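Asker: These protein sequences, in sequence, are chains A and B. Under our numbering, think of the first position of the first sequence as 31, with each following residue one higher. Under our numbering, think of the first position of the second sequence as 117, with each following residue one higher.
Hints listed in this document are in silico derivations from the structure and should not be mistaken for laboratory results. Be careful, since some hints might not be right.
Stated by the list, open to error - Capping the alpha-carbon separation at 30 angstroms, the derived lysine-lysine pairs in DSS-like fashion look like this:
id, chain 1, residue 1, chain 2, residue 2
1, A, K129, B, K184
2, B, K117, A, K87
3, A, K52, B, K215
4, B, K158, A, K82
5, A, K45, B, K158
6, A, K82, A, K52
None of the values given here were measured: they were computed from a predicted structure.
Here are the chains, one letter per residue:
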Amino acid sequence: AAGVIQSPRHLIKEKRETATLKCYPIPRHDTVYWYQQGPGQDPQFLISFYEKMQSDKGSIPDRFSAQQFSDYHSELNMSSLELGDSALYFCASSPFHEKLFFGSGTQLSVL
Amino acid sequence: KQEVTQIPAALSVPEGENLVLNCSFTDSAIYNLQWFRQDPGKGLTSLLLIQSSQREQTSGRLNASLDKSSGRSTLYIAASQPGDSATYLCAVITSGTYKYIFGTGTRLKVLA
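Extracted from the complex, chain A is given alone in its bound form (with noise of 0.2 angstroms):
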């Protein structure tokens, strides 16, 4: 069965760069979600996307922005870099208030 799909795994970055996560949701889920999880931390609510709308808001910093397109895919694009924003982002899918199906995660590093 087809899973959620993130690009890339690994990303490697300088601070005050830009980068662009991508996420590939299940075909047929209505609803996408983006997670930032630091090292030993529970995951974080970014932002999430209903039917291409965006539905909910958490702690994104105003650096981050995130869209999702008429084929259902979504970027989050990450601009200005810091340290700090080394993580594992995830983004899940899901049809609306359904089960969660997370992707593989992209590895983020800021150097």
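Keeping the supplied structure of chain A fixed, place chain B upon it in accordance with the hints.
Answerer: Structure of chain B alone, referenced to chain A:
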């Protein structure tokens, strides 16, 4: 603001033991609650989903209960095995929102 906590933070048990993990949430107006398993450096796998109208869900050796009025859920693992070693997280979605709030997790180690 919804807050989710899990007790204990870590647990080490011998193989074969039955164990209970606890999850508490502050806002009882939830749509559903999910329990997840996470292996180190990996993504999260949903184990059980309990709708707000349900009291429990079972899958194999796992049983999750929900007491919405008291803001609590428990995950019961029967006859634990070394392969159950992982971090277990609960997450709730509050009615009227589109975000799951995660608990702090319980790191479980099952010793052979």
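Asker: If a hint holds in the structure, say so; if it doesn't, say that too.
Answerer: Consistency of the hints with the structure:
no. : hint              : verdict
1   : A:K129 <-> B:K184 : holds, 19 angstroms
2   : B:K117 <-> A:K87  : holds, 13 angstroms
3   : A:K52 <-> B:K215  : holds, 19 angstroms
4   : B:K158 <-> A:K82  : holds, 27 angstroms
5   : A:K45 <-> B:K158  : holds, 25 angstroms
6   : A:K82 <-> A:K52   : holds, 15 angstroms
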